[in-house]
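Same order as they appear, the protein sequences are chains A and B.
Numbering follows this note's numbering, with no gaps: position 5 of the first sequence is 5.
Numbering follows this note's numbering, with no gaps: position 11 of the second sequence is 1011.
Hint data in this document are derived by calculation from the structure and do not stem from the laboratory.
These numbers come from a predicted model, not from an experiment.
Check the hints yourself; a few may be wrong.
Label-pair ranges, simulated between beta-carbon atoms [what the hints assert, rightly or not]:
(1) B:1008 with A:61: 20 to 30 angstroms
(2) A:1 with B:1084: 17 to 27 angstroms
(3) A:69 with B:1070: 37 to 47 angstroms
(4) B:1072 with A:70: 39 to 49 angstroms
(5) A:64 with B:1017: 41 to 51 angstroms
(6) A:17 with B:1079: 44 to 54 angstroms
(7) A:69 with B:1005: 31 to 41 angstroms
No residue lacks a Cβ here, since even glycine has one placed at the ideal position from N, Cα and C.
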Amino acid sequence: AQSVTQPDIHITVSEGASLELRCNYSYGATPYLFWYVQSPGQGLQLLLKYFSGDTLVQGIKGFEAEFKRSQSSFNLRKPSVHWSDAAEYFCAANSGGSNYKLTFGKGTLLTVNP
Amino acid sequence: DVKVTQSSRYLVKRTGEKVFLECVQDMDHENMFWYRQDPGLGLRLIYFSYDVKMKEKGDIPEGYSVSREKKERFSLILESASTNQTSMYLCASGTSVRYEQYFGPGTRLTVT
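With the sequences and hints as input, model every part of the structure.
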């Protein structure tokens, strides 16, 4: 079955430190890949997406993600975390074609220490 | 910018009441979705619609119905609310080409 896994439920980093959030997918072919962020009590905001081409994708708020086919991964990174980045982050995938549904990971909660 | 709005941010209803949650998008998207989000369970798809008057069940449709009479509007209906439907409800819209979805701010529903 198609699935998206975020191995880390909760990550804590210090402000100014670098960040990497992990995402692995299990699909027959390379899916379309997305990262979303959800601030407390809010909806999800699209950070970035990967369809094809360059495996390093730039997004909003200074985030980037790297697609690695050999590792079935799409990890989210940020070189220097700000306190306002504290939120929950979701990785999602879609197999394309006539399937419009997204499969979401369970999310990673990011805490930022001052 | 895509804008998805939901009729209420917070809602408190009694057990057995009929509840309507409404979602409106302004980007002429073909697809619209209703999710519920619970701690530890992530996002679960309740229903989605790929065209006016068309709908498909998601992963947890029991106890819910939907209506899409106009392209921009997608309603979620709880026919007889129960306490186990207390949750955060998120609406999203998207195109049939790009696959990404755009979310509304959510409705936190409490059923007492």
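Cross-check of the supplied hints:
no. : hint                                 : result
1   : B:1008 with A:61: 20 to 30 angstroms : holds, 28 angstroms
2   : A:1 with B:1084: 17 to 27 angstroms  : holds, 25 angstroms
3   : A:69 with B:1070: 37 to 47 angstroms : holds, 41 angstroms
4   : B:1072 with A:70: 39 to 49 angstroms : holds, 43 angstroms
5   : A:64 with B:1017: 41 to 51 angstroms : holds, 46 angstroms
6   : A:17 with B:1079: 44 to 54 angstroms : holds, 49 angstroms
7   : A:69 with B:1005: 31 to 41 angstroms : holds, 38 angstroms
When held up to the earlier numbered hints, the structure conflicts with none and fits them all.
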